[in-house]
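*Asks:* So you can see what is in the structure, the chains are spelled out below.
There are 2 protein chains.
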Amino acid sequence: MKTLTVNLPGAAYPIHIGHDILEQHLPRLLEAVSPERVVAITNDTLHRLYPGRIARALEGHPWPVELLTVPDGEQFKTLDTLSTLYDRMMALAATRKTAVVAFGGGVIGDMAGLLAATFMRGIPLIQVPTTLLAQVDSSVGGKTAVNHPRGKNIIGAFKQPEGVVIDLAFLETLPGRELRAGLFELIKHGIIRDAELFDFLESNQAQFGGRNWEFWEEAVFRSCRVKAGVVEKDEKEAGLRAILNFGHTLAHLIETHTGYDQYLHGEAVGVGMLFATFVSRRMDHLGDDAAGRIRSVLEPLIHPVAMPRLDVSAFEGLLMHDKKASAGTLRFILLKALGEAFIREKTEPAELWPLFGDFLAQSPNLLQMKGGSFKSSG
Amino acid sequence: MKTLTVNLPGAAYPIHIGHDILEQHLPRLLEAVSPERVVAITNDTLHRLYPGRIARALEGHPWPVELLTVPDGEQFKTLDTLSTLYDRMMALAATRKTAVVAFGGGVIGDMAGLLAATFMRGIPLIQVPTTLLAQVDSSVGGKTAVNHPRGKNIIGAFKQPEGVVIDLAFLETLPGRELRAGLFELIKHGIIRDAELFDFLESNQAQFGGRNWEFWEEAVFRSCRVKAGVVEKDEKEAGLRAILNFGHTLAHLIETHTGYDQYLHGEAVGVGMLFATFVSRRMDHLGDDAAGRIRSVLEPLIHPVAMPRLDVSAFEGLLMHDKKASAGTLRFILLKALGEAFIREKTEPAELWPLFGDFLAQSPNLLQMKGGSFKSSG
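These protein sequences, in sequence, are chains X and Y. Take the first sequence: its letter number 183 is residue 178 in my numbering, and every next letter is one higher. Take the second sequence: its letter number 95 is residue 90 in my numbering, and every next letter is one higher.
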């Protein structure tokens, strides 16, 4: 078991990482809060896989535990679902001394987190992320949100939890595709800010699909440490935190263009990171060797992406819908070395279009347009 | 013109107070933000009274200005109305660099504030409160919220604005009843924490209904200074901030019991403050002289309140619905002197019931039960 402390102004909280640690650490975190009751929020899939799991982890402790389930899936990460959660909290007569436990992947963490951020202007929150993606990404840093029909994570808040319990045992029931999707974000943390983490992952690629909990504990710990370090320096995304969006510009385009229902976020980020690496190389920021090493770790994990054909105006329009876009330009995250990302401000979508064409031409097995070949003359 | 600075960890912002100062100070506050555009949120009544007011105040400045109106009234301070605001922000292609100007009373300030707190996890907010109540109360301190069908201000966040412009000129069109309702909260700040402010108000009672802007500037400034001082010491309502709820325990009961549609919040608070003063005297915390002075300032402003008959269990049930209630007891705010409130923890609703009966018996012109006389034997 490893523990990482996230130090933010006015809030320091622990992230506990290990295999089979829920029973030990969830009650401890709740003791520090001393709530009057606990409301666990989960989805129906997890509830089927682990019925009564949270209640059992809290057996013998004084807090009454209620469970609220929502349907499983990103399409339910909406203001409507959140509204039903407010209703059910009120029906339970929840008070400011009710603690919320978010028990699930990123959708649950984001939505239960926003509930805890806004119910009576804020009640205690503990994150129990059950997917690899949530463990290394969304459970660290305090971002919470629901989607709007016109954009992802449009309605949200920053809400730091009282603590995070990352129990690797939940990875045992995680579908392989989701495990791989989470790996992209984990590897991303090495690529953008921790060359040693990248080395460690590169030399342990054989463990990526397995259940070597020592490997996962180390990998998740180091990955969370990178993210926590970035968040500590820039909680509200004024600057540095943007490097966490490495790979996300193209990922958002892919997700929006394919309706968010064909590819997992991590999968889109995987392709997006390869594109950002390609651009870093082409703009002469990154050397050949580093670019090659990144490709050789990422490419074996890629599930090829196919999306409807795009012309230049659709390409630019989709890029500008990114909520980090501002005044017609983008912040594009590039690499100057392995472990060293930087922010390229005021990147024009038009600059990226020919590079995107070249990337497609070079990587037909990674990303394809359906309905005809790509024309960069657009 | 007077300026007060609110100093909070990570945020310091000015409150400008004066007559006819919007044109001067709204653009200045926006300049500090340098937004890409401005979205002003108001209600249809203000829009009719002051068409184009915000746009005109920003004439000659570079920011495009959009206006979003919502229907006027507390009954529209809901998640549904907020949801339409998110939709309209998205339709305008608002970004993180869009600044929100809340132009209205407490309902607008609370709802536009929550919009700014949660749209893309937070965008800049400037408060332009147009009612006396909002000027001395809701625009200072960063509380934002919408109501839930089962309770007021259940869904909300803390969101400190970039600045507040209190233009007293808006009081000219404020109905007398609303002006008086706001006065109760203004006077409250003197009663709980600033005996000099109370003295000033006591010796200027003749100005309460008039347009002596010098008086109002001084009164609003001092009142905001009290509130800002309390908020600075306790932003998130961990302790001290609770004294601002002086008078609010009974006020919430009155509002809930009468369906929030017969009395203005300030009016209910007026009666609630008299009750809290009565309890302070009866429990021997407060002297006769101070209690008498408070009564002599408040009573002439009271609009008598009538509500359906209550028995003891309804009384206790309504008190426990207050969101500050916890584990069957209340935090009741009492006075130990003029200008010195304190928090009485773990107050039992049952203790208050006989005092409530005596208060009713003593004050038949302030508060009445409809449908029979009050029986404290309940």
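Keep in mind the hints are simulated off the structure, nothing from the lab. Incorrect hints may have been included.
If several chains are the same, the list does not tell them apart, and a pair holds so long as it fits within one copy or across any two.
With a cut-off of at most 27 Å between alpha-carbon atoms, the simulated DSSO-like pairs for lysine-lysine come out as follows [to be verified]:
#1 147 <-> 92
#2 92 <-> 341
#3 365 <-> 147
#4 341 <-> 331
#5 341 <-> -3
#6 228 <-> 365
#7 92 <-> 228
#8 -3 <-> 331
#9 -3 <-> 147
#10 365 <-> 341
#11 341 <-> 231
#12 365 <-> 92
*Asks:* Against the earlier hints, flag every one the structure doesn't satisfy and list their numbers going up.
*Replies:* Hints 5, 6, 8, 9, 10, 12 not satisfied by this model.
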